[in-house]
Amino acid sequence: RKEVEQDPGPFNVPEGATVAFNCTYSNSASQSFFWYRQDCRKEPKLLMSVYSSGNEDGRFTAQLNRASQYISLLIRDSKLSDSATYLCVVSVYGGATNKLIFGTGTLLAVQP
Amino acid sequence: DAGITQSPRYKITETGRQVTLMCHQTWSHSYMFWYRQDLGHGLRLIYYSAAADITDKGEVPDGYVVSRSKTENFPLTLESATRSQTSVYFCASRGHSEGELFFGEGSRLTVL
Chain X
1 RKEVEQDPGP FNVPEGATVA FNCTYSNSAS QSFFWYRQDC RKEPKLLMSV YSSGNEDGRF
61 TAQLNRASQY ISLLIRDSKL SDSATYLCVV SVYGGATNKL IFGTGTLLAV QP
Chain H
1 DAGITQSPRY KITETGRQVT LMCHQTWSHS YMFWYRQDLG HGLRLIYYSA AADITDKGEV
61 PDGYVVSRSK TENFPLTLES ATRSQTSVYF CASRGHSEGE LFFGEGSRLT VL
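Read top to bottom, the protein sequences are chains X and H.
When you line the first sequence up against our numbering, it's residues 1 to 112, in that order.
When you line the second sequence up against our numbering, it's residues 1 to 112, in that order.
The hints are simulated quantities; they were obtained by calculation from the structure and are not laboratory data.
Where a beta carbon is used, it is the ideal one built from N, C-alpha and C, also for glycine.
Some hints could be false.
[Stated by the list, open to error] Think about it this way: if two alpha-carbon atoms lie no more than 30 Å apart in a straight line, the pair counts; the simulated DSS-like pairs of lysine-lysine are:
(1) X:42 <-> X:2
(2) X:2 <-> X:99
(3) H:57 <-> X:79
(4) X:45 <-> X:2
(5) X:79 <-> X:42
(6) X:45 <-> H:57
(7) H:57 <-> H:70
(8) X:79 <-> X:45
(9) X:42 <-> X:99
(10) X:2 <-> H:57
(11) X:79 <-> H:70
(12) H:70 <-> X:42
(13) X:42 <-> H:57
(14) X:2 <-> H:70
(15) X:99 <-> H:11
(16) H:57 <-> H:11
(17) H:11 <-> H:70
(18) X:99 <-> X:45
(19) H:57 <-> X:99
(20) X:45 <-> H:70
[Said to hold, decoys possible] Which stretches of chain H does chain X cover? Using the computed rule of at least three CB atoms under 8 Å from a CB of chain X, they are:
(21) 45-56
(22) 98-109
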């Protein structure tokens with residue numbers, strides 16, 4: 001079983017739609033959680049951290065459920081520019097430092 | 001503001017050849033990482049470094065060698081390239097936030 005699992009999609013949604021991505025992780029000792037965004041043939045970039053109480057950044061809302069080992073990302077009022085792959089990332093302590101474990105990503109395509 | 005740069009961006013080589021991928025960062029970040037990204041596997045950690053002259057294995061280190069004689073450089077060497085090492089390689093450095101990795105643009109390696 002992969003440490004971080006995501007639905008690969010693609011999620012095809014019209015502009016203005018609300019879309020949600022889910023992610024599960026297997027290591028209950030995971031400490032911190034993040035969402036990254038990766039545009040086609042580009043490098044990943046940090047989108048937002050995920051806090052236990054849930055957090056919002058503009059149209060993006062991230063939530064964490066430690067009991068179910070589940071992370072979510074909600075995007076409201078989707079824009080064409082939101083089209084990308086969204087990577088769920090979990091931080092696990094190992095060796096000299098925390099390591100980031102990346103999910104395989106969920107592809108979002110926002111249609112005009 | 002160069003940030004983090006990788007070279008070469010594209011490389012085609014043959015099985016058995018030695019290949020070195022270069023990574024240079026201008027922020028003086030302590031931690032640096034090498035990941036490979038393959039379809040179906042997502043980003044997998046190859047090696048990381050906590051500081052100059054301190055390196056450690058990640059999830060998939062076999063067939064790779066790293067060094068870090070200076071804080072700003074973290075080269076990755078494939079001593080005898082194999083077809084299974086055909087991949088996109090990303091170098092990253094970590095900023096002040098545990099979850100924020102800054103990635104280079106990637107090096108696309110094809111081993112024939």
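Practice prompt. Sort out which numbered hints this structure fails and list those numbers smallest first.
Written response: Hint check: 3, 11 and 14 fail, others pass.
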